[in-house]
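Participant: Join the two chains, each given in its own frame, into one complex according to the hints.
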Amino acid sequence: MTEQNNEVSALAERLESGDRRAAARIISMLEDNDTGARDIIKAIYPKTGKAHIVGITGPPGAGKSTLADKLTRAVRASGRSVGVVAVDPTSPFTGGALLGDRVRMQDHFTDPEVFIRSMATRGWLGGLAKATKDVVKVMDAMGKDVIFVETVGAGQSEVSIIQAAHTSIVVEMPGLGDDIQAIKAGIMEIGDIFVVNKSDRADSARTVSEREMMLDLNQSKAAWRPPVLQTVARDNKGIEELLVKIDEHMVHLRDSGQLDDYFKKQVRAEFEDLLREELAKYMLEEYTAKNVLEKVLEKLERRELDPYSAVQQLMEPLCKK
Amino acid sequence: MPKKIRVLIAKPGLDGHDRGAKVVARALRDAGMEVIYTGLHQTPEQIVETAIQEDVDHIGLSLLSGAHMTLIPRVLELMKTNNMEDVTLSAGGIIPDEEAEMLKAQGVVGVYGPGTPTQEIVDFIKNTVKRK
Ligand SMILES: Nc1nc2c(ncn2[C@@H]2O[C@H](COP(=O)(O)OP(=O)(O)OP(=O)(O)O)[C@@H](O)[C@H]2O)c(=O)[nH]1
Ligand SMILES: [Mg+2]
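Just so you know, the protein sequences line up as chains S and Y, in that order. When the letters of the first sequence are read in order and numbered with the numbering used here, they come out as residues 569 to 889. When the letters of the second sequence are read in order and numbered with the numbering used here, they come out as residues 93 to 224.
Certain hints may be false.
Said to hold, decoys possible - Taking CB as the label site, the calculated pair distances span: (1) Phe831/S with Glu169/Y: 16 to 26 Å; (2) Tyr850/S with Arg223/Y: 33 to 43 Å; (3) Asp178/Y with Asp679/S: 19 to 29 Å; (4) Val115/Y with Gln881/S: 55 to 65 Å; (5) Phe661/S with Glu212/Y: 20 to 30 Å; (6) Pro206/Y with Met781/S: 36 to 46 Å; (7) Arg223/Y with Lys858/S: 34 to 44 Å; (8) Asp679/S with His109/Y: 23 to 33 Å; (9) Asp107/Y with Asp679/S: 22 to 32 Å; (10) Arg223/Y with Phe661/S: 21 to 31 Å; (11) Asn174/Y with Asp823/S: 23 to 33 Å; (12) His109/Y with Thr662/S: 20 to 30 Å; (13) Thr662/S with Glu137/Y: 25 to 35 Å; (14) Glu869/S with Glu212/Y: 42 to 52 Å.
Claimed, not checked - Derived pair list, reagent style DSS-like, types lysine-lysine, alpha-carbon separation capped at 27 Å: (15) Lys833/S with Lys813/S; (16) Lys610/S with Lys698/S; (17) Lys833/S with Lys858/S; (18) Lys698/S with Lys833/S; (19) Lys96/Y with Lys610/S; (20) Lys618/S with Lys813/S; (21) Lys858/S with Lys888/S; (22) Lys222/Y with Lys95/Y; (23) Lys96/Y with Lys698/S; (24) Lys618/S with Lys698/S; (25) Lys610/S with Lys95/Y; (26) Lys96/Y with Lys849/S; (27) Lys95/Y with Lys172/Y; (28) Lys832/S with Lys858/S; (29) Lys698/S with Lys95/Y; (30) Lys849/S with Lys95/Y; (31) Lys833/S with Lys615/S; (32) Lys196/Y with Lys172/Y.
For the record, the hints were derived by calculation from the structure and aren't laboratory data. All C-beta atoms, glycine included, are put in the ideal place defined by N, C-alpha and C.
Pulled out of the complex, with its shape left as it was, chain Y reads as follows (with noise of 0.2 Å):
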């Protein structure tokens, strides 16, 4: 059984919306994937103990709250502090492209404007594990 891609979606921050991030789970699903999905409203400490917990080779974050600056880079921190250099983490929302710029320079693999299309995120995730 060849090995099977598995991401974690996360919702950091305050917002209280979450339909972009499940439609990326689904169009993740539906591209072959296991996707484990958290719900609203999760600190960086609970998304990185999740990534550990189920073994995922990508997280993705979803937010729309503004507080990107302080919350992706709390993520790469936790991540490095607990040696997860074969993890991958990108994020999507409403992130200027200078910043974007700066988280990428950080370690974030990726970043998704709004309106992405699902089919540009999966073919990135997709190629981004595959790379390992």
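Just chain S, same shape as in the assembly (with noise of 0.2 Å):
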């Protein structure tokens, strides 16, 4: 145990001073739920909470990794460190992955202020979001300004990675026609910044007018209107006045006290999610070894018991005063 300890601590040690191999390991060992995982994260908390976190969402091929580059070199050139979470899904039937965000960013592969890691969603049922939250504090603590995070949009695992994003971007291309997508997805509330990329085809500056009515229509009395741009990632048209925007968007967020909203609203999700999750886990864990989990499951089988009454014995022991 002391042992582990040491080799946390001096993970943790090593990451601080911008070891990219101690990274490397502390991610992994988050993503596989390595018991030292935990500690980790107790060592490196006190560290994170600097780095500006910028979720880039949209369907698949939209250009969110050609966009990543671009913005990295942008951030890059401005003299801040960039740090990217690449999430590709994992495949349900063989539970294998092929992560290739990285094509498109080649040119960052040595410079040692970057640091890109590809992510597989496995088989996480919504614990991706905390995956990956975890993922974004190991690259903050290592010092990371600017923290890119790219997933698929799709499904409530990802909308909750994008919400827990500073700045949201939400990336379209021209025809895709799927405004109705776009709503159900609840891509609209979340996006901070929306960009119709691929402005190079014929069709985007319709794309960018059917974004703006609907945002029109959206309108709350929220102070910042989300700004659609027109980029071309490919040519790397469009990138500067994106940067311009996602570093408005932050001073935004510090001037109306957003921020402060912002950080007690993590740090309260992650409390809870946290909390329940490992009462679930102890609750699970005692009465199964105590035999009883087994015999209620039973009951409720054969309909002799409901599972709202099921439960609510089971707690009696924990609600009394």
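Facilitator: Now the structure itself:
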């Protein structure tokens, strides 16, 4: 145990000094849910909370990785360091994953101020958001100034990843015509900046005006009206303007006090999630060990008991004052 | 959750075909591994740095350019400088037998010639990683 503690604190120390191998190792421990993972987070937590976390989401092939690549270049030119977390789906059939986002980011592989990590969604079922947040924490503790998180914008866990970012960029491309999909996915609500990439294509202006119209319909009292920008990521066009908006959004968050709210919300959500998870795990283990769970489940199967009463019964000893 | 095997498939050198590399990458994915694919024209420096950041268990190089006797030793050298004793390296491509032996003597764990069944590569990498 102490040996492991020593290993953990050594890793945490190396991480703080920017050691890439330590960072890589720690991320793997978090991904594998290794027993040391929890201690790592304990050790690095005080060092986190400094980076600007920018989510990049959108349909497959919209140009998210290309944008992340060009944005990385622009952020580096401004003298800041960059972390990139690129999430790709795990095959539900084989458990394997092909992580190809790096293909677009080759220019930065040997820049010591850029750290890129590819992540597979694995079988997390909602835990993905937690794993991603933890990986972001590692890069944050490592001292990266701006952290890009790329995910395909589909499904609840992706939405919650993006909600964990300070600034969320929704990337679209002309000619998809999936306005209804966008509303359904709740993407209109989470986007702080909308980007119509591949604006070298003919119908890009229409996509922009459609998006503008929807944002006007969606108008709330919020002080930040999400801008709609055009880029040609492949040709590095519109990237400077996009970075200006990203930085402006952070200034807006700070000036309006929303950044404080953001931290409050994040801290609370994270704490509640963890408490819920640990509590449920503890209870299940306890009642399994005491052979109670099996009996309760049998009663449920025979319809002699309903799930609400079952949970209430199991909770009773906890609720005693 | 059991630990996933992570493999980097990289294409060093100047040749412009990555069909073989992609076929292998897909086969490894289908065997349940997480495969990081980085595209064409990688320098040994880029390959080793990627392997570090992605914390892979194994690096698979795919070469057709004939420059294997300079590129592969360079990758091995960089792996040594970075103390990556826990990462293994294999290579696929047109590599004559005597050169394959030389590379193995330097630390490459496997060399696959053209036409090697992908299942053989999958099994080889699985066993190599498991043995560590
Ligand atoms: N015409 C055009 N093509 C682009 C542009 N930006 C990116 N592409 C191309 O679009 C394809 C997909 O780009 P990626 O950056 O990989 O897209 P992605 O959204 O990250 O894709 P996934 O991660 O697979 O969902 C590549 O072939 C890019 O070269 C652009 O502005 N114009
Ligand atoms: Mg991508």
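Participant: Does each hint fit the structure? Answer for all of them.
Facilitator: Each hint, compared with the structure:
no., hint, verdict
1, Phe831/S with Glu169/Y: 16 to 26 Å, "violated (46 Å)"
2, Tyr850/S with Arg223/Y: 33 to 43 Å, "holds (37 Å)"
3, Asp178/Y with Asp679/S: 19 to 29 Å, "holds (25 Å)"
4, Val115/Y with Gln881/S: 55 to 65 Å, "holds (57 Å)"
5, Phe661/S with Glu212/Y: 20 to 30 Å, "holds (22 Å)"
6, Pro206/Y with Met781/S: 36 to 46 Å, "violated (56 Å)"
7, Arg223/Y with Lys858/S: 34 to 44 Å, "holds (41 Å)"
8, Asp679/S with His109/Y: 23 to 33 Å, "holds (28 Å)"
9, Asp107/Y with Asp679/S: 22 to 32 Å, "holds (26 Å)"
10, Arg223/Y with Phe661/S: 21 to 31 Å, "holds (27 Å)"
11, Asn174/Y with Asp823/S: 23 to 33 Å, "violated (44 Å)"
12, His109/Y with Thr662/S: 20 to 30 Å, "holds (26 Å)"
13, Thr662/S with Glu137/Y: 25 to 35 Å, "holds (32 Å)"
14, Glu869/S with Glu212/Y: 42 to 52 Å, "holds (48 Å)"
15, Lys833/S with Lys813/S, "holds (24 Å)"
16, Lys610/S with Lys698/S, "holds (15 Å)"
17, Lys833/S with Lys858/S, "violated (37 Å)"
18, Lys698/S with Lys833/S, "holds (15 Å)"
19, Lys96/Y with Lys610/S, "holds (24 Å)"
20, Lys618/S with Lys813/S, "holds (19 Å)"
21, Lys858/S with Lys888/S, "holds (20 Å)"
22, Lys222/Y with Lys95/Y, "holds (11 Å)"
23, Lys96/Y with Lys698/S, "holds (18 Å)"
24, Lys618/S with Lys698/S, "holds (18 Å)"
25, Lys610/S with Lys95/Y, "holds (22 Å)"
26, Lys96/Y with Lys849/S, "holds (23 Å)"
27, Lys95/Y with Lys172/Y, "holds (25 Å)"
28, Lys832/S with Lys858/S, "violated (39 Å)"
29, Lys698/S with Lys95/Y, "holds (18 Å)"
30, Lys849/S with Lys95/Y, "holds (21 Å)"
31, Lys833/S with Lys615/S, "holds (19 Å)"
32, Lys196/Y with Lys172/Y, "holds (15 Å)"
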